[in-house]
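Throw the hints in and build the complete structure from the sequences for me.
Same order as they appear, the protein sequences are chains X and P.
Each residue of the first sequence is one higher than the one before, starting from 1 at the first, in the numbering used here.
Each residue of the second sequence is one higher than the one before, starting from 1 at the first, in the numbering used here.
Everything labelled a hint here was simulated from the structure, so no lab data went into it.
Watch out, some of these pointers could steer you wrong.
EDC-like, lysine to aspartate or glutamate: derived pairs with alpha carbons at most 20 Å apart [said to hold, decoys possible]: (1) 177(X) to 181(P); (2) 76(P) to 194(X); (3) 177(X) to 285(P); (4) 40(P) to 163(X); (5) 192(P) to 10(X); (6) 106(P) to 112(X); (7) 165(P) to 194(X); (8) 195(X) to 181(P).
Among chain X residues calculated to face chain P with C-beta under 7 Å, some are [what the hints assert, rightly or not]: (9) 9; (10) 20; (11) 23; (12) 29; (13) 30; (14) 59; (15) 101; (16) 105; (17) 112; (18) 135; (19) 160; (20) 195; (21) 202.
Even glycine gets a Cβ: it sits at the ideal position worked out from N, Cα and C.
The residues making up each chain are set out below.
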Amino acid sequence: MAAADNPSRERILGRIRTAVQTLGRHHDGPAGPMFAPVTDPLDRFQKECVANITECTVTANAAASAAAIANVLASLPPGEIFVQDAPELRALVTSFKDGRPLRWSSEGPPNEASQATITLCEALVAQTGSVLVSASNGGRQATVIAPAHIVFAKLEQLVPDLEAVMARIHERGIATKNSYVCLITGSSRTADIEKILIMGAHGPRRLIVVLQTG
Amino acid sequence: MSTAAREFERKAAEKSADLVHRGIVRWNIDQYDTGVGRGKTRFADWEAARQRCHDIKWEAVNHLDKYLLQFEQKVKENGGHVFWAENGEEARQYICEVAKRGGVKKVVKSKSMVSEEIHLAQALEKIGVEVVETDLGEFIVQLRNEPPYHIVTPAMHLNRQQVSKLFHEKLGSQETQDPPELVAIARRWLRKSFFSAEMGISGANFIIADAGMVTITTNEGNGRLSTSVPRIHVALTGIEKVIPRLQDLATLWPTLATAGTGQPITCYNTLMGGARRPGEVDGPEEFHVVLVDNGRSELLADLEQREVLHCIRCGACINACPVFRNIGGHAYGVTYPGPIGSVLEPRLLGLKEYQHLSFASSLCGACTDVCPVHIELHHHLLQNRRNAIHEGTHSAGERLGMKLFRWTMMSSGRFSFFGSLGRTALRMIHGMGLAGTALDPMHPWTKEHAALAIPRESFRDLWRKQNGSR
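See below:
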């Protein structure tokens with residue numbers, strides 16, 4: 001947008017510049033850590049998943065991960081599954097015969113009626129039991145559209161806390177490389193009616209994390 | 001008294017006598033209090049969290065030009081558009097232009113209080129664009145043709161029976177007392193809108209200078225769908241929402257969630273820095289950020305009240321406020337209810353018309369105690385009162401009355417003389433059988449309360465009698 005199209009820009013900035021020549025009052029209080037350090041990330045992650053209603057399965061190897069994913073798919077109604085087109089997921093998902101139609105992210109965004117989406121993630125956060133995803137994980141809709149979202153992650157992706165995950169976003173340029181980043185904690189919910197917690201408002205009713213340690 | 005003030009008094013009296021309404025609000029806030037109490041135990045030091053949030057917002061607000069320019073540059077580098085709007089009119093015009101240019105017929109909106117502040121939906125509807133609110137609470141109040149009742153919980157004032165009846169009337173669904181079924185009805189209805197809308201409008205909880213991204217915080221996923229599926233994404237926000245660094249979110253996200261709902265962190269904290277990039281699977285083709293001033297830069301120039309711009313709109317002060325708990329959100333008649341609104345709205349809309357909001361407080365300070373960014377809300381209410389008096393917006397009668405009161409209170413002799421005169425006069429009036437009637441000078445009190453017995457002696461007389469000295 002050229003400056004001529006937006007004359008208010010300079011007016012607003014002018015008023016701001018004049019105002020901030022004098023600094024406002026600062027409140028001085030205790031400075032210290034907000035949270036206790038996370039000592040056992042894997043244990044903490046699993047506990048937080050229970051609390052925020054994420055289904056977390058810890059597996060030892062690729063075969064066990066494939067079995068865990070097949071197990072989740074078997075519990076779902078018939079219908080198409082959308083999968084992020086990544087070599088790890090190609091290997092995992094094609095190792096079992098589920099018989100469902102598969103749509104890969106390389107073919108475009110998921111169909112609205114997909115029964116589940118399967119994606120990788122950028123990181124897991126132990127402190128809050130969260131999953132960090134980006135547009136690289138099959139796009140924006142891949143992690144929100146279906147009733148079930150299955151995330152496949154490796155243990156080295158687990159970071160202890162929010163400070164660490166923000167640092168990771170910075171170090172790996174995740175926010176620079178992607179137009180979209182989302183920190184997901186549990187499945188979609190609402191408490192807008194009488195403060196009653198109801199799962200599955202607009203996003204997934206189920207969030208499943210398959211966390212492979214080996 | 002202004003029209004707005006008379007309307008406020010009428011609605012406040014009506015709502016505080018509505019026991020069903022009070023029951024619903026009490027239930028909601030009890031749930032909130034329990035959740036927040038539990039949420040705070042997850043922090044090693046809640047006070048340290050408040051301090052860190054204050055530090056971040058102080059840094060941002062006191063260097064607002066620097067961080068807004070940094071943000072703007074980053075957004076532009078990524079192909080996005082940034083528009084600076086002096087007021088609501090300019091913001092509405094810009095967004096309507098974008099809609100017209102893009103051939104937009106339907107807009108899906110995720111929650112944005114700034115859009116309420118500038119009456120955006122009405123402007124879009126005027127040019128023939130359908131606007132669908134997608135947050136469940138917002139959807140409910142939109143169907144009722146009402147503004148949001150609360151900035152975090154827009155439909156806090158309704159119970160499941162009322163929602164069921166509303167859906168039955170407006171959407172043709174079967175009546176149900178089952179909240180999950182009510183949510184499912186809304187989900188099915190709104191899902192069609194997400195996939196047919198050409199434009200998604202979101203607010204922004206924060207805009208991040210060093211990343212050139214906006215972040216929205218939602219539990220339902222409606223914010224994510226609104227910004228992922230439609231062709232155009234417009235993020236509408238106040239200039240004060242900027243924060244310096246991405247890293248600051250490690251502090252702000254959990255604190256906002258806990259102060260807002262008691263959650264350790266909200267379900268979806270989404271960062272968006274532009275339209276779909278080459279190689280990305282999906283996302284909008286256009287990304288616009290509208291930065292709204294609308295009186296904020298004037299607040300910035302007021303050193304006494306600058307910190308009001310630190311507000312992260314968590315709603316904690318609203319929930320803590322005994323006035324809100326009794327009169328509810330709609331009685332205020334403004335976009336932002338509760339203490340933050342009673343500080344902000346008279347500044348944005350004019351002290352002359354809206355000063356009554358700053359006066360409608362017992363100044364108990366509960367709001368200041370719970371504010372996660374240390375805004376001294378009740379002091380600002382008092383400053384608004386002082387400023388209103390200095391602006392001379394009060395009637396000559398009231399000014400004279402206060403002068404007489406001051407003159408009386410400045411001398412102990414005058415004080416006891418008028419005290420004794422008042423008691424004698426009241427006893428005579430009550431002796432004539434006028435107690436409790438409209439002619440009783442105590443009527444403003446007795447119309448709502450039991451009558452007080454008029455004491456024979458003053459406190460001073462009693463003290464002298466019991467202690468034998470002055």
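Checked hints:
With a C-alpha separation of about 40 Å, the suggested pair residue 177(X) and residue 181(P) falls outside the 20 Å cut-off, and the hint is violated. At most 20 Å may separate the alpha-carbon atoms for a hinted pair to count; residue 76(P) and residue 194(X) exceed this at roughly 42 Å. Among the hinted pairs, residue 177(X) with residue 285(P) is consistent with the structure: their alpha-carbon atoms are about 17 Å apart, no more than 20 Å. About 18 Å separates the Cα atoms of residue 40(P) and residue 163(X), which keeps this hinted pair within 20 Å; it holds.
A threshold of 20 Å between alpha carbons decides the hint, and for residue 192(P) with residue 10(X) the separation of about 41 Å lies outside it, so the pair is violated. Taking the CA atoms of residue 106(P) and residue 112(X), the gap is near 19 Å; set against the 20 Å cutoff, the hint holds. Only pairs whose Cα atoms come within 20 Å are accepted, and residue 165(P) paired with residue 194(X) is accepted, the gap being roughly 15 Å. For the hint pairing residue 195(X) with residue 181(P), the CA-to-CA distance comes to about 15 Å; that is within 20 Å, so the pair holds.
Annotation: interface hint on residue 9(X) holds; nearest CB of chain P at approximately 4 Å, less than 7 Å. With a cut of 7 Å, the hint placing residue 20(X) at the interface with chain P holds, because the nearest CB-to-CB distance is about 6 Å. Using the Cβ-Cβ criterion of 7 Å, the hint placing residue 23(X) at the interface with chain P is satisfied: the shortest such distance is roughly 5 Å. The closest approach between the C-beta of residue 29(X) and any C-beta of chain P is roughly 4 Å, which is under the 7 Å cut-off, so the hint is satisfied.
Among the interface hints, the one on residue 30(X) holds; its C-beta lies about 5 Å from the nearest C-beta in chain P, closer than the 7 Å criterion. Interface restraint check: residue 59(X) against chain P, minimum CB-CB distance 25 Å, threshold 7 Å, status violated. Hint status for residue 101(X): violated, given a least beta-carbon distance of 18 Å to chain P, over 7 Å. Interface restraint check for residue 105(X): the shortest CB-CB distance to chain P comes to about 5 Å, inside 7 Å, so the restraint holds.
Annotation: interface hint on residue 112(X) holds; nearest CB of chain P at approximately 6 Å, less than 7 Å. This hint holds: residue 135(X) has a C-beta 5 Å from the nearest C-beta of chain P, less than the 7 Å allowed. Hint status for residue 160(X) relative to chain P: violated, with the closest Cβ pair at about 12 Å, above 7 Å. Interface hint at residue 195(X): satisfied, since its Cβ lies 4 Å from the closest Cβ of chain P, which is below the 7 Å cut-off.
Checking residue 202(X) against chain P by beta carbon gives a least distance of about 4 Å; that is within 7 Å, so the hint holds.
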